[in-house]
Each structure stands twice: as C-alpha cells, then as structure tokens.
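Asks: If you want the building blocks of each chain, they are given just below.
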Amino acid sequence: MMGLLLAAGVIGAIGIIIGVLLGVASEKFKVEVDEREILVRAELPGNNCGGCGFPGCDGLANAIAAGTAPVSGCPVGGPVVAEKIAAIMGVESGGAVKKVAFVKCKGTCDKTRVQYNYFGMDDCRKVSVVPGGGEKACVYGCMGYGSCVKACEFDAIHVVDGVAVVDKEKCVACGKCVQACPNHLIELVPYDAKHLVQCSSHDKGKDVKAKCDAGCIGCTLCTKQCEFDAIHMDNNVAVIDYEKCTNCGKCAQKCPVKVIL
Amino acid sequence: MKELILVIVGAALVNNIILSQFQGLCPFLGVSKKTDTAAGMGAAVIFVITLASFVTSIIYKLVLVPLDITYLQTIAFILVIAALVQFVEMFLKKSMPSLYQALGVFLPLITTNCAVLGAALTNVQKEYNILFSVFNGLGTAIGFTLAIVLLASIRESIEDNDIPVNFKGSPIVLITSGLMAIAFMGFAGLI
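Residue numbers (my numbering), protein chains in the order written: chain A, 1 to 261; chain B, 262 to 452.
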C-alpha cells in the first residue's frame, strides 16, 4: 500500500511541478502575436498550395497582417475570402476578381499536323527541348504531355485529345500549371471572361495555316471589330485586354478561323 | 576521455538507434523525402535527445533511485520528455525565432519520437552516470541524423529512377532502409 501511494505521489508531484513550471514559462516566454494574423489565417483555405507566392497559408497570413501583402493575396480563396480578410484588416478588398487558368491553344490531334513521330519521355519540359519542340508542327502550341496535369493539386487540368483543358469549376487559380508549362501557354484569366484567344502562335498567317487548322492567322479582323479597344495584335497573335473587354463577342463572330472562343 | 568517445561511436554507428535498434522509424520514413528537411529533423533530434538524456538521468539518479521506485522510469521519462520539448519550443520561439522557424513542425513531433525515450531508457539499462548519459544521448542522436540524412539523399537520387510499379513509394524506401541496416551491421565488430 505504501509503495502504491509513493508511486502515485511521486508521479503526481512531478506532474504538478512540470505543470507549474510550464505555466510560468508560457507567461515568461510569451510571444506577442498579431491577433489579426490568427484571424486571417483562420479565413485562408489552408491548402498550403503556395499559389500566393508565400510559403503556405501561415506565410501569407503573416504578410497580410504585417501589411506587406494585399488582402486579396490568396488566389484560391478569391473574392469571398478577400472580403472576409478585408473586414478583419479594416480595409477595402478592392474588388478581387475570381480567376481561372486558361490554356491558349486549341491544336488538338486532328487540327495540328504532325512533323515526325516522337517516342521518348512524356514530359513537356523534356519534349520542349527536342528539335522541333515535339511531334506537333507548331512549336508554340500545347505538346499534350501533361506537365501541367502533374503540377495540378486540384485535379482541374487534363489533356483531352492532345491539348490541356482546364476544368473551370475545379480550378482555384493557384498558378502551378502556369509555371509548369514550358511554352507559357497557360494564363490566369477572369472567371467571367467569355471570349478568349485560343492560340499563342507568333508565326505568320501562311505558316500557321500550314501547321494547324486552329491557329490565329494574324488577320487583325478582330481588332477592327472591337468598340472598346480591348483586343490587339501582339507579334501576329490577337491578345484580349480583360479589363477593357465587355464580353460583347463581336471579335469571336468575325474571326475567320474561329480561334476566339 | 577515451571511454566517452567510445560511447559516442558506439551509440552513433555500432548500435545505431534506427538501423540496428529499429527505434524512431516513423520520422525516419516520414521526414526523409528531402535532404534539408531531414537535416532539420536531425538537428532538432540532436538537441532534444541530448537535453532529454541529461534531464532524465538526473530524475532517475536523484528521484527514482533514492525512493526505490525505478519501475516508474518509463512513465516518469515520458512525462519529463514531453514537458521538456514543450519548454524548448517556448524558449526557442521567444529567444531564437529563426531557429524555431527552421525546425518548424519537427520540434513538437519529437515529443512522440520513441528514439528519445529509447535513448533515455538505454542510459538506465547500461547504468551510465550523468556525463556518460549525455554523451550516449548525443551519440544516439548523431546516429539518427546520419541515418535519416543518408536515407533522404538516397531517396532523392532514386526518385527519377525507373522503379517497378509495385515498389514505388514506401516499399522501395523500406527495401532501401533494410539494405542500409545490413550495411550498418558492418560496424558490429568496431568496439
């Protein structure tokens, strides 16, 4: 009986001493944390995808609380989260626009011609350094080996018929695929944008025609249609300025090769 | 002096905590994907095991032995180690934020690392005094760091290899660590 009490007493005493010491220590070594940082962190999605450019959600919360990052810094949370964080920080969210990734190529297997047969490593970044940039004749287009698919943590991008296609509903605009694409084909565009140029070829019209049925031939018809000065030619390919675009769709109607969605 | 070195070498290589005693396998398999995180984990373990060896051996020598309740060593050690890690975490957060950031989540993870308790219990089993306990803990932790960094660098270099589908992921890691354990058997005759 004595031993029993002694054992319980000793362990209990050690426990109490440790508890008191830890309690004192936690007061003594208290670190002042910005309360807003904790609140901001609670609102962030917590995927730690790194799409904001900070190391994980904690990093972004820290930067927002310190005022070095905008409240709309989280591309995954979009405007909803930006609003909540703006409320915590007591500032305006600045109308963050929900974005999605978009692949600027429509050169599917039946549209783009093949210049040779490629047998080798199935990774875009490796294929892109092969002479001719892969089996497809167009060096600007999607190679279809799915480096973006591997980069996506949200199952939102897939190679369909030789071209990567983004699932708008699943995409959180983290930007991982944008970085993964060696041809820089993927861009973050506003979720609401209805009209998008599905080509990135800088070749002259005749060369584009020879290589692909779905390429921008640089005819500039769309730029003449636009009433809002929102579409311009950039080195033989039409580029839409989404801030000016009103989704009227006149450019898409006029496009002779139907490359504008 | 010579004996202290022998204790360190013995704990680090001959009786390597992971590769010959098979303790602390969870961080060994879990935190060995990248060499720098493995090294971070190793640093945290060196820190905690050395400190824990010191504190547990004081508790053992000054509390448990005089009261003749050495059978309580396991539970007392767990209590002390958990509190110690908590304290170290608080201390680092306040005084060395950069080190705290670098160790990150590994520090609290070590609370449940059986290698720490294993080292403390080995000290008791081998009847080391306080000085020898600290050095044994240090050696054990160096052995842990050595093994985890080696495995991490092997994992990094075999990552792009053409591994058969069945062996991808954990199986190849287990095979690799098995081969490492066999290799470490070569140290058996050292002391």
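Bear in mind the hints are in silico, worked out from the structure with no lab data behind them.
Note that beta-carbon positions come from the ideal geometry of N, C-alpha and C, so glycine has one too.
Just to be clear, a hint being listed does not mean it is correct.
Stated by the list, open to error - Among the chain B residues that face chain A by a calculated CB cut under 7 Å, a handful are:
hint : residue
1    : Lys294
2    : Leu340
3    : Met351
4    : Lys387
5    : Asn390
6    : Phe393
Asks: Are the hints correct? Go through all of them and say.
Replies: Here's how the hints hold up against the structure:
Checking B/Lys294 against chain A by beta carbon gives a least distance of about 15 Å; that is not within 7 Å, so the hint is violated. Interface hint at B/Leu340: satisfied, since its Cβ lies 6 Å from the closest Cβ of chain A, which is below the 7 Å cut-off. For B/Met351, the shortest C-beta to C-beta distance to chain A is roughly 4 Å, which falls under 7 Å, so the interface hint holds. Among the interface hints, the one on B/Lys387 is violated; its C-beta lies about 23 Å from the nearest C-beta in chain A, farther than the 7 Å criterion.
A least Cβ separation of about 21 Å between B/Asn390 and chain A goes past the 7 Å threshold, and the interface hint is therefore violated. Look at B/Phe393: its Cβ only gets to about 23 Å from chain A, farther than 7 Å, so that hint breaks.
When each numbered hint is compared with the structure, violations occur for hints 1, 4, 5 and 6.
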